[in-house]
Structure formats: structure tokens, C-alpha cells
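What follows is each chain in one-letter form.
Protein chains: 4
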Amino acid sequence: MSQVMSFIEMRDFLAEQFPQGDQYGVLEALGDGWSEMHLPIDEQHLRPGGTVSGPAMMALADVAMYAALLSKIGPVALAVTTNLNINFLRKPKANMDIVARAEILKVGKRLGVGEVYISSRGEDDPVAHVTLTYSIPEH
Amino acid sequence: MSQVMSFIEMRDFLAEQFPQGDQYGVLEALGDGWSEMHLPIDEQHLRPGGTVSGPAMMALADVAMYAALLSKIGPVALAVTTNLNINFLRKPKANMDIVARAEILKVGKRLGVGEVYISSRGEDDPVAHVTLTYSIPEH
Amino acid sequence: MSQVMSFIEMRDFLAEQFPQGDQYGVLEALGDGWSEMHLPIDEQHLRPGGTVSGPAMMALADVAMYAALLSKIGPVALAVTTNLNINFLRKPKANMDIVARAEILKVGKRLGVGEVYISSRGEDDPVAHVTLTYSIPEH
Amino acid sequence: MSQVMSFIEMRDFLAEQFPQGDQYGVLEALGDGWSEMHLPIDEQHLRPGGTVSGPAMMALADVAMYAALLSKIGPVALAVTTNLNINFLRKPKANMDIVARAEILKVGKRLGVGEVYISSRGEDDPVAHVTLTYSIPEH
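Those sequence lines, one after another, are chains A, B, C and D. No gaps in the numbering here: position 114 of the first sequence is 114 in the UniProt record's numbering, and each next residue is one more. No gaps in the numbering here: position 14 of the second sequence is 14 in the UniProt record's numbering, and each next residue is one more. No gaps in the numbering here: position 92 of the third sequence is 92 in the UniProt record's numbering, and each next residue is one more. No gaps in the numbering here: position 139 of the fourth sequence is 139 in the UniProt record's numbering, and each next residue is one more.
Isolated chain A (complex conformation) (with noise of 0.2 Å):
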């Protein structure tokens, strides 16, 4: 398989998918079995010290994974996360962009799995690593 969606088809079909607008994350690159996204910081996604939340990096890794998924498949809009692993390494740079790179592991016939490192805009190091199982209706 190779890449099916270009970066344009991905960011208007993630636009359409996620009404709500940019707090899911924005795509800033896309090939053949990976995304890069941002999410930009906000005050919905900051604990006491302006640190961003767990859950808004497990949203962002999942919309990411979704990213790198459908650049395989196409734009598969059912496909569902069955599980979500995420290892929490290193707190997050205060007021600080987080970004996530995702790619995949495998995609089968019903399952795809990849993993996604996220790490504060400008950092090596990464605050956080996830590994995602995504079911794949039939299509």
C-alpha cells in the first residue's frame, strides 16, 4: 500500500470530521503512514501551572494516528479506536505548543496499529509515547 490522501484531502476531511475546529489538533505534515500535528495551546488544555493535560495529549495522539491511518486506507471515517497505551515520560514546557508524530505499524484488513511520540514545540525529548489499535471496518 502507499499514500492514498494528500495533505489537502486530509486536512479538509479531518475539518469536516472534527466540527468543533483546531482544538482537536492541526495537521502540519503528512506521507505514507505518518502525520505530524500541533495542538495549539489553550486554556481548556492546561493543569495549575500551565502545563498541558494528559487528556489532551491522548486526544491529540489519537487524532494523529487517525491521520497517519487514513493516509494507508483512504478516508475511512468509521474507523474506531480499540486501544489506547500512552506512557507518561517528562512534564510538558509550561505555555507551550505540544506536538505529536505519528506512524504506523501495521495495517491489516481489520486492525491498524502505530505509535505516536509527543513532545513540547522545540524539544528533543519527548513528554509522552502511545501506541494505538485502531479497527478497520470493511470497506
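Read the hints as simulated data drawn from the structure, not as lab findings. Hints are not guaranteed to be accurate.
Taking lysine-lysine and the DSS-like style, the derived pairs with C-alpha atoms no more than 25 Å apart in a straight line are [as the list claims (entries may be wrong)]:
id	chain 1	residue 1	chain 2	residue 2
1	C	109	C	72
2	D	91	A	109
3	B	106	B	72
4	C	93	B	106
5	D	109	A	91
6	B	109	D	106
7	D	109	D	72
One-sided excerpt, in silico: chain D residues whose CB lies under 8 Å from chain C [what the hints assert, rightly or not]:
id	residue
8	27
9	31
10	55
11	86
Cβ coordinates follow ideal geometry from the N, Cα and C atoms, glycine included.
Starting from the known structure of chain A, fit chains B, C and D onto it as the hints suggest.
Here is chains B, C and D on its own, set in the frame of chain A:
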């Protein structure tokens, strides 16, 4: 160890820690190593079709486990999640609150581990199952 | 769905599937969506000091979940594990059998999810907690 | 932190810790926060059809992560696994050794987290992906 915080003490402590209000979840019951919380439905937690989003479930599980853990160790604000694993089992009922029951599996000097069952209000079958690990600072 | 394999049918089926014998675990009880198995202590499962090794616990959990799943769907030999998450909670007692109780959380057309509690024989507190997902072939 | 144990020191240390010999895995390479090991094929690791069993992969991942962690913190024998999450991605090749590459994602004072890719010898696509957490005793 036995229960070291009452329901009222926990409710007040959570209100201090999560100043953004009830959107983090509402404490319903608390015991020795367990808690029950619910998440009132709210536009921001919903996906198209009216089902509760995955990140909203993860956020509720995280807080419910925090309350269950603190029922054993007291108001240790700086306990932080290090690992969360969630299996999504069924689609939540549309426009229905979700409820979480968290139970501690182990509390050690450094780590607390527990599991959380999440259901739509009034339903028996869980919509998700979560295991979490918290790191407990020296206290 | 209700229980579709009896204790005797399951014991015989597991013996066929695992020709290397009891080292995979011994079926003790079986119900509708649950199983109990134990692993007899054996030099190959022990670490220095006489405690049961982590991989021995994971192997027992995997088989116990397989039996719990097949109690619902029948002898589908080709069901395969896709995800396993284990939290190690306490040190097992030295030179003591471990017992596992597996319970199904969900059986769908494609995936079965369950959890397993592992304890040292005769002890209340679990030494490990495991969640597993099996992929179920068309049957 | 930088690498504090050489390849030779690690090989000798593992041989002491795992007196049952090569069945735990063979160290192939070691660097600053990473290790490569392989598991020689052996009847006890195989399932009918000649593929390597899931527990054999988990056991290899566990040891490879241990070596990667100790490359950073030295011969702390009592570091213990607290969480392991594995996604099984593909069927291993029949009658072929499996190789593991472990990389540390974070080493703190109390916890080390890493990930491991497992492949059949000579194949590019991983057969499994594992994340692990070790608890590090005071040292």
C-alpha cells in the same frame, strides 16, 4: 491502610485541584480504595451522533482513579499518572452521562495501580475498561 | 451468547492445542465467559529466589483468556492475541503455584476483550493484572 | 547520563542473572540506552506450525529492555518490570530466530520506560512492538 479522606474532604479537594469545574467529573461516592464519579454530558465531550468521545472517557477515568488512590494515601496533590491503558468496548449511548467506578489494585510507597470501568448511565455492560498507574511522590 | 463448551470439552481442546502438556497451565473451572487455571510450579518458570517469572504469568494469562473466550464462541483454534497489557503488582510467593481468573469484558464479531487476575495460591491480593484482546477469525 | 556498562560487562552480568542460559536471549549489541538481542529458536518457544510463541517474544523484550536500561544506570539487579504492553503485529516466520531492539525513552530516579521492536531475523517488518516500565530501586 484504610480510608483516610471522607467524601466531603475529597469533593472539596477535587474542586480546588480542578478549578475549571464539573467538566472534569462529579464525585458520587467514595470508599476505602474506590470511587464513583460521573461526567455530565456537555457539547464539548460529544462526537457527531451524540456519543461521548474517547478523550472524555480517559479524562474521567484519570480523575476517578486519582480519587480512589487519595482515599488511601490522603491529599497528595502531586501524584501523577505514568501509564494509562484503555480498551474501548462498546459505543456509549447517545446523549447519556457516563459513570466510572475506580478500584485500587495496589498502593505501594511509590506506585499506585488501579482499574476503572466506564458505563453509560443505567447500562450494565461497560463501554470502556481502563488500567492506570500513578507515581506517588515522597510524602 | 451463553456458554457453548463444557469443562470437559475445553480441557480436551486445550490438551490438543498445547501438546507440550501442563506447563501451559491446568484448567480448574470454566463458566459462561470466564475460566480459572493454575500453573504448577516448575524450575523453568522460576527466578532466583523461587518466585514465578513475569513471562510465566503472561503465558498463563494468555491461555486463561483463550479458554474464557472460547467458552462463548466455541473451539475457534485460530483466535490470536493482538494486545496484552500487564501490571505487575506484588512479588509472588516463593515456590507456590499461581492461579489465574479470566473474565470476558466483551465479545464482538471480530474482537474479544477480557481481564485476568493472577494470584499466588491461597493469597487474596493479586500479583498481577492483565488485559488482553483477541482477534476472532470469521467462523 | 551516558553508557556505564560495556558489552562485555553486560554479557557477563546477564549470564549471572539468568543462570538457565541462552534461552532468555543472547546479547548482540549494546549502546547508550539501547540493546540488541536475539532468541535462538528452540522447541519450547514454538507453537504448532513452527512460529515463535507470544510469551517467548514478551520474555525477550523484557530482557532486552533490562539491558538497555542497565546500560544507563549500571548493574542494578533489582530493577523490576512494573508494566508491559505488547501489540502483536504479524506472524513470525517459521523456524527463524527473533531479534529485539530495545530503546530507552526515559530514565528517571524511580522509573525507566522504553520500547522494543521484535522481528524475525532478516525481515524488515516488526512482528511485535512492546513498551515496558521498570521500577528502579534506590541505588
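Against the structure, the hints come out as follows:
1. Under the criterion of a C-alpha separation no larger than 25 Å, the hint pairing residue 109 of chain C with residue 72 of chain C is consistent with the structure, at around 12 Å.
2. Pair hint residue 91 of chain D plus residue 109 of chain A holds up; C-alpha atoms about 15 Å apart against a cutoff of 25 Å.
3. Only pairs whose Cα atoms come within 25 Å are accepted, and residue 106 of chain B paired with residue 72 of chain B is accepted, the gap being roughly 10 Å.
4. Of the supplied pair hints, the one linking residue 93 of chain C and residue 106 of chain B holds, its CA atoms being roughly 16 Å apart against a limit of 25 Å.
5. A hinted pair counts as satisfied when its Cα atoms are at most 25 Å apart, and residue 109 of chain D with residue 91 of chain A qualifies at roughly 15 Å.
6. Our distance criterion of 25 Å between C-alpha atoms is met by residue 109 of chain B and residue 106 of chain D, whose separation comes to about 21 Å.
7. The hinted pair formed by residue 109 of chain D and residue 72 of chain D meets the criterion: a straight-line CA distance of about 12 Å does not exceed 25 Å.
8. Look at residue 27 of chain D: its Cβ only gets to about 18 Å from chain C, farther than 8 Å, so that hint breaks.
9. Below 8 Å, beta-carbon pairs count as interface contacts, and residue 31 of chain D has none with chain C, the closest being about 25 Å; its hint is therefore violated.
10. Restraint check, residue 55 of chain D versus chain C: the minimum CB separation of about 4 Å is within 8 Å; hint holds.
11. A hinted interface residue such as residue 86 of chain D counts as satisfied when its beta carbon comes closer than 8 Å to some beta carbon of chain C; here the least separation is about 5 Å, so the hint holds.
When each numbered hint is compared with the structure, violations occur for hints 8, 9.
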